[in-house]
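**Q** Given the structure of chain E, go ahead and fit chains C, Z and D onto it with the hints provided.
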Amino acid sequence: MMKHETPLLDQLESGPWPSFVSDLKAEAEKRAKNEENIEFQIPSDVVEDLLGVLELSFKDGTTHWKHGGIVGVFGYGGGVIGRYCDQPNAFPGVAHFHTMRVAQPGGKFYTTKYLKDLCDLWDLRGSGITNMHGSTGDIIFLGTTTPQLEEVFFELTHRMGQDLGGSGSNLRTPADCIGQARCEYACYDTQALCYDLTMEYQDELHRPAFPYKFKFKFDGCPNGCVASIARADMSFIGTWKDDIKIDQEAVAAYVGGEFPSNAGAHAGRDWGAFDIQKEVVDLCPTNCMKYEGGKLEINNRECVRCMHCINVMPRALKIGDDKGLSILVGAKAPILDGAQMGSLLVPFIKCEEPYDEIKEVIEKVWDWWMEEGKNRERLGELIKRQGFQKLLEMTEIDPDPRMVSEPRSNPYIFWKEEEVEGGWDRDINEFRKHHLR
Amino acid sequence: MMKHETPLLDQLESGPWPSFVSDLKAEAEKRAKNEENIEFQIPSDVVEDLLGVLELSFKDGTTHWKHGGIVGVFGYGGGVIGRYCDQPNAFPGVAHFHTMRVAQPGGKFYTTKYLKDLCDLWDLRGSGITNMHGSTGDIIFLGTTTPQLEEVFFELTHRMGQDLGGSGSNLRTPADCIGQARCEYACYDTQALCYDLTMEYQDELHRPAFPYKFKFKFDGCPNGCVASIARADMSFIGTWKDDIKIDQEAVAAYVGGEFPSNAGAHAGRDWGAFDIQKEVVDLCPTNCMKYEGGKLEINNRECVRCMHCINVMPRALKIGDDKGLSILVGAKAPILDGAQMGSLLVPFIKCEEPYDEIKEVIEKVWDWWMEEGKNRERLGELIKRQGFQKLLEMTEIDPDPRMVSEPRSNPYIFWKEEEVEGGWDRDINEFRKHHLR
Amino acid sequence: MAFISSGYDPKEPMKNRITDIGPKKFDEFYPPVIAKNKGKWLYHEILEPGILVHVAEGGDEVYTVRCGGARIMTTSLIREICEIAEKHCDGYLRFTTRNNIEFMVDDKSKVDALKKDLAGRKFAGGSFKFPIGGTGAGITNIVHTQGWIHCHTPATDASGTVKATMDEVFSDFQNMRLPAPLRISMACCLNMCGAVHCSDIAILGYHRKPPMLDHEYLDKLCEIPLAIAACPTGAIKPTKVDLPSGETVKSVAVNNERCMFCGNCYTMCPSLPLADKDGDGIVLMAGGKVSNRISEPKFSKVVVAFLPNEVPRWPQMTDTIKKMIEAYAADAKKYERLGEWAERIGWERFFEKCELPFTHHLIDDFRDPAYYTWRQSTQFKF
Amino acid sequence: MAFISSGYDPKEPMKNRITDIGPKKFDEFYPPVIAKNKGKWLYHEILEPGILVHVAEGGDEVYTVRCGGARIMTTSLIREICEIAEKHCDGYLRFTTRNNIEFMVDDKSKVDALKKDLAGRKFAGGSFKFPIGGTGAGITNIVHTQGWIHCHTPATDASGTVKATMDEVFSDFQNMRLPAPLRISMACCLNMCGAVHCSDIAILGYHRKPPMLDHEYLDKLCEIPLAIAACPTGAIKPTKVDLPSGETVKSVAVNNERCMFCGNCYTMCPSLPLADKDGDGIVLMAGGKVSNRISEPKFSKVVVAFLPNEVPRWPQMTDTIKKMIEAYAADAKKYERLGEWAERIGWERFFEKCELPFTHHLIDDFRDPAYYTWRQSTQFKF
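Protein chains in written order, with our numbering: chain E, 59 to 495; chain C, 59 to 495; chain Z, 1366 to 1747; chain D, 1366 to 1747.
It should be emphasised that the hints constitute simulated quantities derived from the structure, not laboratory data.
Predicted, not measured: the structure shown is a model, and the values here were computed from it.
No incorrect hints appear here.
FRET-style restraints, in silico, Cβ to Cβ: (1) C/178 with D/1386: 16 to 26 angstroms; (2) E/444 with D/1681: 25 to 35 angstroms; (3) C/353 with D/1491: 53 to 63 angstroms; (4) C/481 with Z/1481: 53 to 63 angstroms; (5) E/327 with Z/1481: 22 to 32 angstroms; (6) C/307 with D/1477: 26 to 36 angstroms; (7) E/412 with C/330: 53 to 63 angstroms.
Covered by chain D, according to a simulated footprint, are these stretches of chain Z (three or more residues, beta-carbon under 8 angstroms): (8) 1656-1665; (9) 1733-1743.
Glycine is no exception: its CB is placed at the ideal position from the N, C-alpha and C atoms.
Bound-form chain E, shown alone:
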């Protein structure tokens, strides 16, 4: 018998999709029984009260969580988000219900040993509820009390060799796609770069010195599986400079229907026989392909590496050998000034340890943003406010037509005095000799 009735939430137990309500109810029961005799360090009815307060929100259509307040672990400015219930008397188990962000490993690969250690820790010192994973990528420990924060941190660092992630106005835990670990499209080792930068910038991650949050995300190719172009202040997206490699025999196998096109992704409907002309050549955004006499040709100079043809025929077409990445900057969600996607700052850069060139770009961007950014101004907003040209000036990167989808359509060029012959100082009296009033 649960502590609170949850008639509304109970209706979310039916249906095929995994029910978080069922999961939570089972956990609540398990904690109530406590067959393993765990010495819970926070109230054992925390899950029941969480269900109770959520049911109340379903009933009255509003949240019952209050602002965070400042809680955290000593010396860190992020990693913990304070959370308090606004009905603590009715739901004392969740009166304090703080979040801890645990930095996730690259590619989100795990051993069960590691996960079970996390579970043991969190069963003892927290609610037993997690997010796998939070929006930015961290493992989220959902709900504990203030005294447990340092304890959890101590056990994480001492017993598991594991740190907290970022929150607040600092570098957020960088996230990557699966990359070369299990993907043939990856143009660079996303996990290696992500890990290297994460370790290099631990200070920025834990001790806020930024105007606002800052996100790195690492996509191995333009397919963009971690959505870095939409979500990261700095997106690192793999690309290549040379030719797509064609295996003409494999092309023939696709045309002949021996290989499933698009890696089988469209198998749920009968779309008819694979038609290389219609499905590949005609859909190329730059029309740089030709299929004639059983041979596929690509004018690579006109290719924009959209990945479509490679996605459709992964066994026949391979990314090039001269690989690297593009850096885009400024993506963010709508608040406050409207959403932005990343804008292309570095069309191509090699991705080689120790990544000095990449770090140089990062640090120049940060120097500018820390100097000029206003409180709670994302990088994208600063670029908009001071201009893309200012970004180029501060990063000492040469302008390149690749940085724009089109040149400006307004002629409002802010010339600088040193660019204009004769400067700006002029003598009005001299002028008036030739131009009477």
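**A** Frame of chain E, contents of chains C, Z and D only:
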């Protein structure tokens, strides 16, 4: 022998294109000789001094014309632009050199009788120099003195039945394309509508009551030969609602090469034989055409009336019968807030005398703009500032997805109190009963 | 319960302190077949919905079974996942960016037992614990935020709306009949922790009432200048208020007409709550994408300005989503993402085919760029 | 010279005054064949460059000979036009929107004599008075503004730049070898009386020095608040200035860093002149169009940030224009307008093929919409 040496301008006499310098020099000589003994009412060396001051500008790279000052004809706020030379001693003939705008007839058709009457008047009372025509469309009398302004106006109105055009913060002289007078594409009688509105709004044209200038332009079809979509605060662009009419025999004649495609417009190069698939069907922006078995088919419901197919085969394809026009609003050149093109306000409206429905739209737009527009704020800027929705509210036009190229991508909807259940007044103390601080 | 010390000494917080060690290094967690073949993968194939094979240069293969899951997850469920991974996968597993769980085996012969095991596990309420799917031209798991379960600014619930939606579109999680992948995302307010602004379909919580003013406490709990500066439209001004007690306090006044309900002021100041049962609800957006495939990445567009919070299953919301998906599935061309389809047919047709009303709210009126969304052309469809 | 009164009495301006009669009604000026067949035209054809025929339902035809001309035109030249029209066209003629002159005859037999007559007329300096052309897939007359000949704000000359350009591209005025029509426009400052912002190629006069401050006269000649309000970037502030005379006057101060040289302040206040021999020159824009044909109307883009005023023939400017036209002619597909070509090949290729340098000035930094011109995609060409 000319009064001023013009070595720089003289270099603009060579080359094939009509030389304005040659024309002006000839005129200067003619006035100097004055074989017809005209009693010039302004200095007879006006053209020589104009060449002189222009040569000076070529030499010193700056203009020598000053601000207008307020000159005009009694009771009119527009039609005259004052102009003074900033070197009156060196060029007394153009010390005062005002412009008069003469309202041009629709389609810019003329009789020689009319033009010669204008010439007689302008030889006597002005510089003998015109613009045929000014940027907005008027006949421009370029250069006379203040005392001649009323004289010219009197003669124009009394002897020629001809009025001045617009300038300043008022309705500018409306302009139209050649329309049904000599074009098979015209979806409405541009000259009739242009003339009717010009006469209806004479007061707005001559007596500034507007925040800034306002332009009407009338394009008979989406080809847009008077560029109304780029240049008019209110553009009237012909269109149709029903099917493009197809003459299959004529289609066959184009395919067979009997009729020159594109009305012969590409005859200067050998583009090869006409290929209806490549040149028409494949270029349709909505892919709504098919050419199979010698028959051209159009899925008219998906047609966006871009005119390409009709332009290519004018003898085979004709605009529909259910004709009317679209109204777009807000176009303007860059200054001050950046350029705008016209935005679609009325997707379709019939164009029938006495045009009451059209006038209703115009007057509602004006009422709003005159009420809310700031000094020197063009309509397009007001629409941007107060929003397209406000424009719809003020014109009482229902929202329609045709008005947008895409819905908003930001969710920042300014809901109004009356749209939200329960209104906005709430009791914080009641709220705090359920949500402790 | 007795306090159990980890070893941390609050009196000497720096003693033995370990900091800045970052996450675990990725390669500690690679299954052997991954570690061996990293960077040498040749190609992959989706064998059936939810089952992938990747083939490496040397001939090694890894078979992946992808399962959906709620991103809110108890340790009990994680332990169950571990149990499965130990039984079938030598103790390795991974999660995807979109909260799917992936179990990998290095031989085809191991796949069937794993599949069967996963498919057989259900929660007490009857829902699947580990539904297999989420691959290819179908619908994968919804990325989302916290909602009423843990956030102070939401305008709707996250886990509830997601469960309701995934139940509605479940067959497309286990099928690949769509013209292209369809990504649904959910954010419970427009802070958009989930960055849903580039999704094929986005569910967004939205407030519609300006903040209440808790004058009595405002100056005590908030820094007034920060609250004022937080407003993107400049709708908040400082003021003084006479309380019923007779006391005069510093507070703020809100120009309600200029409020766009973003809640940024509330984020800075808890005395300005917006949440309201009638005011809060759902905005639906559509047509975004992040991939650079064929066309460039696109923002989602607002296609439904408001739907009420109909707990517990938001039927109008799920019906509308379903309607969009069915219209898209019926009309789009192979490979065409939802936004590419809408652009090809024209948004006027999108509203017609999805049977959605077009209201004035959908016309952009936010700042200068709004202009670029209006139609500056005579090209449109009747 | 004696004053000749028109009959106007300055002492009684309202006596016999006629106002608000508008322009002449269009149909008074229609040639008979136009009046008869208005609204009944079936089709047209360009017989050769500059010569069109329009055929009406009943079989009537009108042949049009189109001639270029400078838009600045003396009465002598107009009289010559009238003489031609009387000789060949029963006293009718018309002008086009782009300052061409059109002579119309109602029978094919009349065309040759008219052509010959027109082609034979030249100015003393050797240029054609009435070059025939300006039709189809070629270059027609340049619409333009006043420039140094009559305007107070220009940054270059109009008639001079136009003459130099048309001489350079003259063969394309009389030919139809281009992929599509190419419209060149010219405006002598960014007031853009000529609205050149949607042209295939636009020549634009531009200042690059902030206004000089004529403090001594400023408050006498200007309304200071209007001058301040005129600045779109808020760069002008009120101030007081001590003159050498010792007098203190009200004036304005300009924040030069924020000046974008638009000259709007000068329009409101003559004591703020911008013009300067070194500072002023030419911006070239490209890729605009107004037609809705195939693609929607487009703005022109800035492709050359500055070229000096090299009088009298602006050779760098005309060379650059010629280079763009030749690159376009060589590379574009049939029917493709210059802007459509640039978009298809990508602007990175446009700069390469036209051999134009890409400088930082070409990246938009004007307000919020600038963002939309940056590249938010990984799609680009090396």
